[in-house]
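There are 2 protein chains.
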Amino acid sequence: MRRDIFQAIADPTRRAIIGLIALQAMTPNALAEHFDTSRQAVSKHIKILTECELIKQEQKGREIYYSLELEKMKEIDRWLEQFRTMWETRFNQLDEVLSIMKEQKQ
Amino acid sequence: MRRDIFQAIADPTRRAIIGLIALQAMTPNALAEHFDTSRQAVSKHIKILTECELIKQEQKGREIYYSLELEKMKEIDRWLEQFRTMWETRFNQLDEVLSIMKEQKQ
DNA sequence: TATAAGCGCAATTATTCGGTTGCGCAAATA
DNA sequence: TATTTGCGCAACCGAATAATTGCGCTTATA
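Here the protein sequences line up with chains A and B, keeping their order.
Residues 1 to 106, numbered by my numbering, are exactly what the first sequence covers, in order.
Residues 1 to 106, numbered by my numbering, are exactly what the second sequence covers, in order.
Bear in mind the hints are in silico, worked out from the structure with no lab data behind them.
In this text, all values refer to a predicted model and were calculated from it rather than measured experimentally.
Just so you know, not all the hints are guaranteed correct.
Since copy identity is lost for identical chains, a pair holds within one copy or between any two.
Below 30 angstroms or equal to it, Euclidean Cα-Cα: the simulated DSS-like pairs (lysine-lysine) are [to be verified]:
| id | residue 1 | residue 2 |
| --- | --- | --- |
| 1 | Lys60 | Lys74 |
| 2 | Lys44 | Lys56 |
| 3 | Lys60 | Lys47 |
| 4 | Lys72 | Lys60 |
| 5 | Lys47 | Lys74 |
| 6 | Lys44 | Lys60 |
With the sequences and hints as input, model every part of the structure.
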């Protein structure tokens, strides 16, 4: 079973969950109310997010509050870094200039 | 058929393809040599990447050179921005401090 | 104490995914 | 011109995915 952060954020519901618990810790039931789906479905998403360490939990009585492990989100940022370097150093625009120059030659 | 950029980068082979064609335009055959998979499998990935506009192509005779649509990668960056703001403003560390303070109270 | 609420886990199901195989077509090459 | 090469497309298959349903357990509440 592949379980990495990229697979975790592939699902739109999970991205929404991430967005919600980034702001405040929430219980599965509270989360489920935000979506047109069951608590069990939300719990399954939480399980996946937990398995790739994107989530931390705090038990309060019979309730479990889930919140985002922000540090883990940096993994996406680190992967993106190589491409950010490219668009920031305007490699893209350079490429376009080269294309135009090439066309003018022909 | 869901087809967004987050679903596109969920697959490790596709992320590798993205990394390769970010540096230089490549044909499906050239790409397939980098992986332990067939050209057809690579072509399927390319199709998916094309469908979410992550890739542009240039036909040269019977060969097709694929390269990255760098601009589209920014979409991931934009989604990540909300979380980057959080870890850059050290909300995370603040949260830890609060936890420690709470523990000390008890 | 009986009931309700919050939760995780397991079984089930329809759908999607990643891959292979087998075409057919157009461009390059012998 | 005959053959090879590069490619996309469609059919097929096993595995993974997302969701539902039905538990059982623990903690609140009446």
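Inset, instruction - Up to 30 angstroms between alpha-carbons, please classify lysine 44 paired with lysine 56: within, between, both or neither. - result: within (15 angstroms within a copy, 37 angstroms between copies)
Legend entry - Alpha-carbon proximity between lysine 60 and lysine 74, which holds within one copy, between copies, both or neither at 30 angstroms: Within. Shortest intra-copy distance 28 angstroms satisfies the 30 angstroms Cα cut-off; inter-copy 39 angstroms does not.
Legend entry - lysine 60 and lysine 47: within-copy, between-copy, both or neither at 30 angstroms Cα: within (18 angstroms within a copy, 48 angstroms between copies)
Inset, instruction - Pop the pair lysine 47 and lysine 74 into one bin, within, between, both or neither, using alpha-carbon distances up to 30 angstroms. - result: both (20 angstroms within a copy, 29 angstroms between copies)
Inset, instruction - Since the copies are identical, ignore which copy is meant and state whether lysine 72 and lysine 60 lie within 30 angstroms (CA to CA) inside a copy, between copies, both or neither. - result: within (24 angstroms within a copy, 42 angstroms between copies)
Legend entry - Up to 30 angstroms CA-CA - lysine 60 versus lysine 44, copy category: For lysine 44 and lysine 60, the Cα distance is within 30 angstroms only inside one copy (20 angstroms; across copies 47 angstroms).
Hint check: no violations occur; every hint is consistent with the structure.
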